[in-house]
Amino acid sequence: MPDAPAPEVAPEEPPSTAGAAVPTEDDLKAMEDMLDSDSDDEFTSSMPQKEEEEKEAPAPARFTDPDVMRAFYARLFPYRHLFQWLNHSPVPSDDFAHREFAFTLPNDIYVRYQSFPTADLFRKQCISMIPSRFEIGPVYSSNPRDRKTLRKASLFRPVSKELVFDIDLTDYDPIRTCCTGANICPKCWTWMTNAIRVLDAALRDDFGFRHVLWVYSGRRGVHAWVCDARARCLDDTRRKAIAGALELLRGGEKKLTLKRPLHPHLERSLRLLREPFSTDILLGQDPWADDTRAASLLDALPDAGLREALRKKWAAAPGRSSASKWADIDAVAKTGGSSTLDTGALLEAKLGIILEYTYPRLDAEVSKKLNHLLKSPFVVHPGTGRVCVPIDPRRVEEFDPFGVPTVTGLLNEIEAWDAECGQEEKEGEKRVQDWEKTSLKPYVEYFRGFIAGLLKDEKRPREEGEGMATDF
Amino acid sequence: MLRSEHSRIDPKRRTVLDPKKRQFAQPLYKDQEYNFRLNLYTVPPTAEITLEEFEEWAIARLKILSELETCAFRNRNGEETLAYMTPLLDKNLPLHANRTNSSELQAERKKDHYSHFILRLAFSSTEDLRRRFSRLETALFRLRWRTDNVVERQEFTNSLDFNWEMVDDKEKVEMADELRVMTELAGRKAEDGWFKVEWERVPELVEQRKVLIKRGVAYVPVREQMSLVVTEFTKRLDIALEQTARALPRLDEDDRLSPILAHLSQSFTAPDATYDTSSTPSSLHPTANNIDQLAGHFPLCMSNLHTTLRQTGHLKHFGRLQYTLFLKGMGLSLEDCIAFWRRSFRGMTDDKFNKEYKYNIRHAYGEVGGDANRRGRGYSPYSCQKLLTEALPSVGQTHGCPYRSFTADNLVALLQNTGVRDGEVLNGVREDLARQRYHVACNRIFEHTHKKEIKRVKDDGLWGPAELDTILHPNTYFKRSFMLKHLDAEKEAAKAEG
Ligand SMILES: [Zn+2]
Numbered sequence: 001m002p003d004a005p006a007p008e009v010a011p012e013e014p015p016s017t018a019g020a021a022v023p024t025e026d027d028l029k030a031m032e033d034m035l036d037s038d039s040d041d042e043f044t045s046s047m048p049q050k051e052e053e054e055k056e057a058p059a060p061a062r063f064t065d066p067d068v069m070r071a072f073y074a075r076l077f078p079y080r081h082l083f084q085w086l087n088h089s090p091v092p093s094d095d096f097a098h099r100e101f102a103f104t105l106p107n108d109i110y111v112r113y114q115s116f117p118t119a120d121l122f123r124k125q126c127i128s129m130i131p132s133r134f135e136i137g138p139v140y141s142s143n144p145r146d147r148k149t150l151r152k153a154s155l156f157r158p159v160s161k162e163l164v165f166d167i168d169l170t171d172y173d174p175i176r177t178c179c180t181g182a183n184i185c186p187k188c189w190t191w192m193t194n195a196i197r198v199l200d201a202a203l204r205d206d207f208g209f210r211h212v213l214w215v216y217s218g219r220r221g222v223h224a225w226v227c228d229a230r231a232r233c234l235d236d237t238r239r240k241a242i243a244g245a246l247e248l249l250r251g252g253e254k255k256l257t258l259k260r261p262l263h264p265h266l267e268r269s270l271r272l273l274r275e276p277f278s279t280d281i282l283l284g285q286d287p288w289a290d291d292t293r294a295a296s297l298l299d300a301l302p303d304a305g306l307r308e309a310l311r312k313k314w315a316a317a318p319g320r321s322s323a324s325k326w327a328d329i330d331a332v333a334k335t336g337g338s339s340t341l342d343t344g345a346l347l348e349a350k351l352g353i354i355l356e357y358t359y360p361r362l363d364a365e366v367s368k369k370l371n372h373l374l375k376s377p378f379v380v381h382p383g384t385g386r387v388c389v390p391i392d393p394r395r396v397e398e399f400d401p402f403g404v405p406t407v408t409g410l411l412n413e414i415e416a417w418d419a420e421c422g423q424e425e426k427e428g429e430k431r432v433q434d435w436e437k438t439s440l441k442p443y444v445e446y447f448r449g450f451i452a453g454l455l456k457d458e459k460r461p462r463e464e465g466e467g468m469a470t471d472f
Numbered sequence: 001m002l003r004s005e006h007s008r009i010d011p012k013r014r015t016v017l018d019p020k021k022r023q024f025a026q027p028l029y030k031d032q033e034y035n036f037r038l039n040l041y042t043v044p045p046t047a048e049i050t051l052e053e054f055e056e057w058a059i060a061r062l063k064i065l066s067e068l069e070t071c072a073f074r075n076r077n078g079e080e081t082l083a084y085m086t087p088l089l090d091k092n093l094p095l096h097a098n099r100t101n102s103s104e105l106q107a108e109r110k111k112d113h114y115s116h117f118i119l120r121l122a123f124s125s126t127e128d129l130r131r132r133f134s135r136l137e138t139a140l141f142r143l144r145w146r147t148d149n150v151v152e153r154q155e156f157t158n159s160l161d162f163n164w165e166m167v168d169d170k171e172k173v174e175m176a177d178e179l180r181v182m183t184e185l186a187g188r189k190a191e192d193g194w195f196k197v198e199w200e201r202v203p204e205l206v207e208q209r210k211v212l213i214k215r216g217v218a219y220v221p222v223r224e225q226m227s228l229v230v231t232e233f234t235k236r237l238d239i240a241l242e243q244t245a246r247a248l249p250r251l252d253e254d255d256r257l258s259p260i261l262a263h264l265s266q267s268f269t270a271p272d273a274t275y276d277t278s279s280t281p282s283s284l285h286p287t288a289n290n291i292d293q294l295a296g297h298f299p300l301c302m303s304n305l306h307t308t309l310r311q312t313g314h315l316k317h318f319g320r321l322q323y324t325l326f327l328k329g330m331g332l333s334l335e336d337c338i339a340f341w342r343r344s345f346r347g348m349t350d351d352k353f354n355k356e357y358k359y360n361i362r363h364a365y366g367e368v369g370g371d372a373n374r375r376g377r378g379y380s381p382y383s384c385q386k387l388l389t390e391a392l393p394s395v396g397q398t399h400g401c402p403y404r405s406f407t408a409d410n411l412v413a414l415l416q417n418t419g420v421r422d423g424e425v426l427n428g429v430r431e432d433l434a435r436q437r438y439h440v441a442c443n444r445i446f447e448h449t450h451k452k453e454i455k456r457v458k459d460d461g462l463w464g465p466a467e468l469d470t471i472l473h474p475n476t477y478f479k480r481s482f483m484l485k486h487l488d489a490e491k492e493a494a495k496a497e498g
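Protein sequence lines correspond, in order, to chains A and B.
Residue numbers 1 to 472, in full-length UniProt numbering, belong to the letters of the first sequence in order.
Residue numbers 1 to 498, in full-length UniProt numbering, belong to the letters of the second sequence in order.
Derived from the structure by calculation, the hints contain no laboratory data.
Just so you know, not all the hints are guaranteed correct.
Claimed, not checked - Here are the simulated lysine-lysine pairs, DSSO-like style, with alpha carbons at most 27 Å apart: (1) Lys210(B) / Lys369(A); (2) Lys152(A) / Lys386(B); (3) Lys255(A) / Lys210(B); (4) Lys210(B) / Lys259(A); (5) Lys210(B) / Lys350(A); (6) Lys368(A) / Lys235(B); (7) Lys148(A) / Lys316(B); (8) Lys255(A) / Lys368(A); (9) Lys369(A) / Lys235(B); (10) Lys235(B) / Lys240(A); (11) Lys369(A) / Lys214(B); (12) Lys316(B) / Lys152(A); (13) Lys172(B) / Lys259(A); (14) Lys259(A) / Lys189(B); (15) Lys210(B) / Lys368(A); (16) Lys240(A) / Lys316(B); (17) Lys350(A) / Lys255(A); (18) Lys214(B) / Lys456(A).
Excised from the complex, chain B in its bound form (with noise of 0.2 Å):
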């Protein structure tokens, strides 16, 4: 598969494949044969494809993990999920089963299985981005079990060699007793029989105790097989992954591959939920006198900066940053937003303010800067995902999702101090910390500190269900909170205009 082969092929072997030799060399590589649909993605590709092909099935693949992070970001379940994703997929990255007889079978998987590896290239160098690599790949790989064919599945299943062993008869009838308990605590009348794993490899069943442990080894109904497969799965998959980081710099050499891969990743990066800036509430005229009576309808990243900003008289870099793309966001002009800054830095000299502040304001307007910035106009606002993906916040500084970079404890003291004292709206918020969806805890604040204007904008039928979606941008967040609080005002000017 072009020169990819370098990220598992010892140096020795290496020289063999000097493209200077290798075009008089015999041909080493052949198409494999996909005997299945599913795939655990541990043989590499072989053989040669095209440009073309590389970039497209690539991109194509792209997309499906995009969509299912996506769904996972808005909290799908997995049907929802699966009715999401199958037009998707159907389009992008389709498989169909043995038993259609598709002539496109073979040239389907070997897309999908070289668009695999090709992103686990662009996808391997750094820790987060492999992190998130793996979780959607293993989401991917869940879906598309649970869409096999049960015969071809079980198939696949037998194909792995995954050391298995079965329980035999005899020990059945030595652990006759603890079996048939957990036969009977799974509410089944049998099983179809029972594997033998270490512990460790199906640490979900183990934690949910519906396995039994006995001296380090855990017995699995046969049935439990996907857990299995999807553990072992991700835990080659991680292997891989950093196996080919580290393998990655020699890639470099090859100058048609890095420009490929590197906008790869970079679409993976940002992902972001966007938010156009061209849609503001007509009653709403930001001013550099008016944020602090705005700020009411501040999520709490951007509270919280606020805040600081009042007491302290300052923010730090990344903070200004932050706040800086909001309040442009929301609508504030250039001026009034440097007007806002001056201000508030108190004790601040204006000469040190023009040199060292001003410009970076600018900037993040694409006033100033390259050509890119300006034609792009400056930076967007960031996304709730851009604030949860990035590092978190040292000691001093503010920037980020609080949800995330503050302890429960020290959110839920903040929260109430901005009025939130609802009893079951905290503890909701503090589980949702600790499963760290941390936006479903933002969503969550921000439903109850709206009950009364959703409840009107349902009732009324003035909203639909899109334009109450789960909050995926702090921008989002403001305008909705604040159309929501001035609901007359905006009925009116639609009336004027209308």
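Okay, chain A solo, but in the shape it has when bound (with noise of 0.2 Å):
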């Protein structure tokens, strides 16, 4: 930090936001933050571990560049839906003030517990601090900032949050054959267009929410941030209850094993997943093309008399798709390779087969605890460029992750757009916002109805919630 340069106020500034050059107070704050030995144990971010995968490839060194950087937090960062977001009230409130902000600076300083009154200070923080990115956590009972001044500790909690989830297409490398690690391609995005269909279905039709936001989180995955007030006030075992609920391959686990009738969110989301399993998975993943992954879908099956008879047949045609290799199960076992074979356990057997290879792969720890911390909304991701954007699941199907804009394209884009339509203010007329003359546009106008929805229903939760808690 000491040795960032001093920020610059563009040109074009309004010249109310104008003026953030010397470090303010919460500088000052930050750095003693810095360097200040608090046990941080307890509480957890999606970051860390994520940061070393994203060094293995490099980020060209055009979008970290601070100018680039400080340009966007100064012209295109939507400060102001992102206070409304959180804030829940056009007045400030707690809700945004008593809200934890983490950065992470150029120098990959990692600094907690920031918090803001107002979205303007917010905006002066970030473009004099320039983060290459900034987490989002929960809202505590006192300022962030004043945890140390607390007299008692036990008056520094976390209070309220959005429910998250967090999925990320390395946790489909086990069954991925187009890419791996950091890299991904229309074809395995399709699991992210899956699992937000699955997802989203299962939030608001069983647990009856209704604001779920979902956002690129600019590589390779998706964040759901679960906005309504019920949801908001979820402690830990109940945030761990809906985890549970929704995760399939618990901890880790290899196989499925499915009871049936199935539950009616996975008979649900069966419903959602058998035809992307022929279309996304048989013929666009071909899971099962070589000896070695064609063995791992003869394990899953039941009898041995069937995987016999299916080794031998595959034995004998090399280079059998795996659309014809799934086919061949029902085949073979119909003309009956295997005397023993139980027909229940070997539907089963496919029904785990399908949702193993398709149903949402969560990072279920992301979603379990009130404190945990995650990427904001329309930051920029520092190795691809690419902004951090809303995403319509009404719509998700359209939603290409390449066509996402970078920064240094929406940067471009202002310029052309000034160049073309002039930066003079036509009098009377209102000034056209930088994110205006951008791609940006359309997923900061989804965002503002996304609040504008939220602020709608925010009343009348609240009334609700009231009245729960005086039940007892």
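Need the complex rebuilt from these two chains, each delivered in its own frame; the hints are there to steer you.
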């Protein structure tokens, strides 16, 4: 931090926000925080373990260029919307002011317990510190910046946060054939599309949530923020319960053991996933093309006779496609390759295989803790330069991760717009915001619509919530 | 109930209860009727009891809760816990069913009711105490639920105002398919009926996908009532404990109660597994010179301190205290202990050592300090429970239990450094950590690193089960490890003595 260049004020800035050039009180506090030796063992974040993987594929310098990032924070980041989203009311409230933000600075220093009374102060700190990314934590019972001055440690505790989910394509590596690690392609992205469909349905239809914000994580995954008041006040026990109910391959389990009849949630998921299994998996991934992989399919099937018959058949036809192999299972079972075959067990095994290859793989630990931090929407992914934009679950199939704007692209778009349409403000006309000049516009507008829906519901559940509390 | 009703009465009404006025007032309170054996403790006691009853009843309940904690600590399952607790409950806190028509019914239930509220007062002061109290009271409630007469339990459940909405016939028809799936999934032919509750009230059932959830409402079979009632019990108790904690400062006015309450909460804070320092293995002769060799028998909490001490030539305060007491527990003499520390603090002047460190070591040994400390021969070596319930160490500190304070990855790396490479064992440790069963992880490592010797003492009938019971004290770990690795020497010594 001491080496960070003094922030400049872009000439296009509206005067009201100019003048963040000198380090503020907040900066100084942040520096103190960096040096402080608090034990954060109890707190968890998605960030550190992923950090290492990011380093495998070094980012092109231009995305992390401080000038590029400063311009992004000065001109593009939708602070006002972020504020409204987290504040739940037009008037600044503790929901925003007591919310923890954690900044990752360009030199990889991680600064926790940042908080801001207003969107404007938040903006000033972003422009002066130019974090490579920042995460959002819980709302605390008192201002995170005051946590050390409180007389009793118990006065500082997390009280609410969105229920969050994290799905990452690396968790599909054991069954992914098209790419590995940080790489993705349209073929494997379908897993994310299907994951959003399945989880969105469960969160809405089963748990009754109405405000689920899906966000592209900038490279190979998606995040969900369930923003309903009822979700925000869940304690760890109940977060763990939801995560457990939605998680299928628990804690690195290899095989699924399904009981029939399927729980209605699994039955619905299966309905949504059967078709993608045929197209995205059998055709797209061709997961059992070679012998070793085909052996893992055989392992998942019951009955030695059936397995042996299939092994012979496939050995005689090298290069047989996964779709054909899948069809062979029933065909061989019907023609009576085995006298001991339990058709019920075979059906269960097949359903298990379908779900194993299609069902969302959650990083469930992220969801279980009220105080887990998660990367904010609309920050720039330092490895790809792409903005973490929201995804509309109603049009999830239209979302293309490769079409997501990059920070450098967006800055070029502003320049192009300014060159074409001029920068002078005409009298009586509303000033065009920089994000409106770019392909970020539809995403910010979607976010705005999402927030409007959330704020509309915000009064009602609050009142209900209070009624519930007095029951006891 | 004495004056503990302060905790629930608003200040305006309280003035009415001024003791001076009270003796002239009409008696406001009378004994309550207890219709059921089970109690959710939502209504505070209202009758007066004597100071002796106050203390005696509280101690009886405390005994039960401490024993329950021990059961959890020793990983006893439901059946084992029930078998172990039944005679203790009969003796200390009996509760008979209505159908027994016992003449003691009301008196037993009153004692149960009052003792619960007294302990609430004693254990609401800190977050840690509240959590433990709530956990143990929930365990006790669960135990009693299981042993309650089925008919009486149903009557009790029906008496609760839980706003459970029964699924009516019309809805049962509408939901027939899904409800049938849930019935079959539970391996049953039919259910007696269904409740509707907010899913948040049945988190365990939700997590295990044992209930149907629709738009935030869980459809729960009536037979799952225990889960609901238990969750509700815990929830109400947690809220009540918070309220009691806030009301607590006002209670200090009553100087008859404060010492009793303070004493109760202290005896709850440290029901430690103690270590008997008088019995050391006969072939063990710890001196300032052989700690490095003996460190091979240390549990991770102590070997971590020892390694840090050797690497940095220093340990922070709590680490020094924990380690000194452990050495004392091993039987290291005060002189040797001082010599050990003197040599371990490389690069420190004698003057500084004598001024700032020596006193603390002598204090830990009970050589200096107040009368009480000297009489008690200083502090006791820390038990696992103590290490597991203290505040976590902060950056740069190395005391406490590493199984608890390290991340799983770092802990596994540390174990690998000590030579544990068995993947299955390490995975077991990870699972233990995920379930916060730190002492189980430590015992798992012990059993792995002493596999051969444990097999031998079992096969040869040298040691009984009590000598191989779960380790709950770092000094027990050391002693058992030392003895297992010196089986022949110990045998010789025994022969020589015998
Ligand atoms: Zn791919």
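Status of each hint after checking the structure:
1. Lys210(B) / Lys369(A): 22 Å, holds
2. Lys152(A) / Lys386(B): At roughly 22 Å apart (the allowed maximum being 27 Å), Lys386(B) and Lys152(A) satisfy the hint.
3. Lys255(A) / Lys210(B): 20 Å, holds
4. Lys210(B) / Lys259(A): Cα-Cα ~12 Å, so holds.
5. Lys210(B) / Lys350(A): 23 Å, holds
6. Lys368(A) / Lys235(B): At roughly 19 Å apart (the allowed maximum being 27 Å), Lys235(B) and Lys368(A) satisfy the hint.
7. Lys148(A) / Lys316(B): 22 Å, holds
8. Lys255(A) / Lys368(A): Given pair Lys255(A), Lys368(A) holds - Cα atoms ~23 Å apart, limit 27 Å.
9. Lys369(A) / Lys235(B): 19 Å, holds
10. Lys235(B) / Lys240(A): 17 Å, holds
11. Lys369(A) / Lys214(B): Distance of about 24 Å is within 27 Å: holds.
12. Lys316(B) / Lys152(A): Holds - the C-alpha atoms of Lys152(A) and Lys316(B) are around 24 Å apart, at most 27 Å.
13. Lys172(B) / Lys259(A): Distance of about 23 Å is within 27 Å: holds.
14. Lys259(A) / Lys189(B): Holds: Lys259(A) and Lys189(B) sit about 16 Å apart, inside 27 Å.
15. Lys210(B) / Lys368(A): 19 Å, holds
16. Lys240(A) / Lys316(B): Answer violated: Lys240(A) to Lys316(B) is near 37 Å, above 27 Å.
17. Lys350(A) / Lys255(A): Given that 27 Å is the threshold and the Cα spacing comes to 12 Å, the pair holds.
18. Lys214(B) / Lys456(A): Holds - the C-alpha atoms of Lys456(A) and Lys214(B) are around 23 Å apart, at most 27 Å.
When the structure is compared with the earlier hints, a violation turns up for hint 16 alone.
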